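With the hints as extra help, turn the sequences into a complete structure.
For the sequence shown, position 98 matches number 98 in the numbering used here, and the numbering has no gaps at all.
The reader is advised that the hints may include incorrect statements.
Claimed, not checked - Below are the SDA-like pairs computed for lysine to any residue, each with C-alpha atoms no more than 25 angstroms apart in a straight line:
{"no.": "1", "residue 1": "K159", "residue 2": "D39"}
{"no.": "2", "residue 1": "K80", "residue 2": "T140"}
{"no.": "3", "residue 1": "K65", "residue 2": "R104"}
{"no.": "4", "residue 1": "K80", "residue 2": "E117"}
{"no.": "5", "residue 1": "K113", "residue 2": "D102"}
{"no.": "6", "residue 1": "K80", "residue 2": "E28"}
{"no.": "7", "residue 1": "K65", "residue 2": "E28"}
{"no.": "8", "residue 1": "K113", "residue 2": "K164"}
{"no.": "9", "residue 1": "K159", "residue 2": "N84"}
{"no.": "10", "residue 1": "K66", "residue 2": "K159"}
{"no.": "11", "residue 1": "K68", "residue 2": "V93"}
{"no.": "12", "residue 1": "K113", "residue 2": "Y135"}
{"no.": "13", "residue 1": "K149", "residue 2": "T57"}
{"no.": "14", "residue 1": "K159", "residue 2": "R104"}
{"no.": "15", "residue 1": "K68", "residue 2": "E83"}
{"no.": "16", "residue 1": "K94", "residue 2": "T70"}
{"no.": "17", "residue 1": "K149", "residue 2": "T70"}
{"no.": "18", "residue 1": "K65", "residue 2": "E116"}
{"no.": "19", "residue 1": "K126", "residue 2": "R104"}
{"no.": "20", "residue 1": "K94", "residue 2": "E144"}
{"no.": "21", "residue 1": "K65", "residue 2": "A138"}
{"no.": "22", "residue 1": "K126", "residue 2": "V61"}
Worth flagging that the hints you see were computed from the coordinates, not collected in a lab.
Note that the structure is a prediction, hence the values are computed from the model and not measured.
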Amino acid sequence: MKKIIISLLIVIVLGIGIYAGIYYSQPENAPLMASWAIDIYDHEVMVEDSENVFIGTVESVDGNKKRKSTDIPCTIYQVKVDENIKGELSGVVKLIKEGGYDGRTLFLHDGDKLPEEGKTYMFCTKYSEEEAAHYASAPTSTIEIQDEKHREEMRNTYKAAYEKELTEKIQ
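Here is the structure:
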């Protein structure tokens, strides 16, 4: 009888340990709710609303923090500027992307995903004096470049949008 009770206790303790290990090793996801003042799904609007539009490669992910003005978790990156579409950035810039971890919970806007180290993206950003960094907030402010053909398509689309913006400002 003693052996049965000890065996049951061992099975229960192991079960709890396995469950806790699985539960605490997987991050929870929490959506960030936002109401945008612009149409974030229109690349022409995104280009016009951005100070800098560029193709860049994520060199490093430097952690998470909460943005001072919104208390929203953000992820900090070092991004090498490969090509400017709008603006005149060069070298490596500090970029803060809205969305990130707070503890073990990942906060993201619907349809968004965080940029990954080593991958290349089209970035639409504004410079934040407060953060001394380029800031990307909308899900469409960081679009992963899939391959060279996609890069060319993105470059042409966003350059055309910027040229249209310049033409409209002249008129």
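Structure-based check of each hint:
1. K159 <-> D39: 18 angstroms, holds
2. K80 <-> T140: The hint holds at about 19 angstroms.
3. K65 <-> R104: Holds, at about 13 angstroms.
4. K80 <-> E117: 11 angstroms, holds
5. K113 <-> D102: 15 angstroms, holds
6. K80 <-> E28: Roughly 30 angstroms separates the two Cα atoms, so the pair is violated.
7. K65 <-> E28: Answer holds: K65 to E28 is near 17 angstroms, not above 25 angstroms.
8. K113 <-> K164: 29 angstroms, violated
9. K159 <-> N84: It holds: about 9 angstroms lies between the C-alpha atoms, which stays within 25 angstroms.
10. K66 <-> K159: 33 angstroms, violated
11. K68 <-> V93: 20 angstroms, holds
12. K113 <-> Y135: 15 angstroms, holds
13. K149 <-> T57: It holds: about 16 angstroms lies between the C-alpha atoms, which stays within 25 angstroms.
14. K159 <-> R104: Judged against 25 angstroms, a Cα distance of about 39 angstroms means the pair is violated.
15. K68 <-> E83: Distance ~30 angstroms between K68 and E83 Cα, so the pair is violated.
16. K94 <-> T70: Distance ~19 angstroms between K94 and T70 Cα, so the pair holds.
17. K149 <-> T70: Cα-Cα ~37 angstroms, so violated.
18. K65 <-> E116: 17 angstroms, holds
19. K126 <-> R104: 28 angstroms, violated
20. K94 <-> E144: Roughly 18 angstroms between the alpha carbons, so the hint for K94 and E144 holds.
21. K65 <-> A138: 17 angstroms, holds
22. K126 <-> V61: 19 angstroms, holds
Of the numbered hints stated above, those contradicted by the structure are hints 6, 8, 10, 14, 15, 17 and 19, listed in ascending order.
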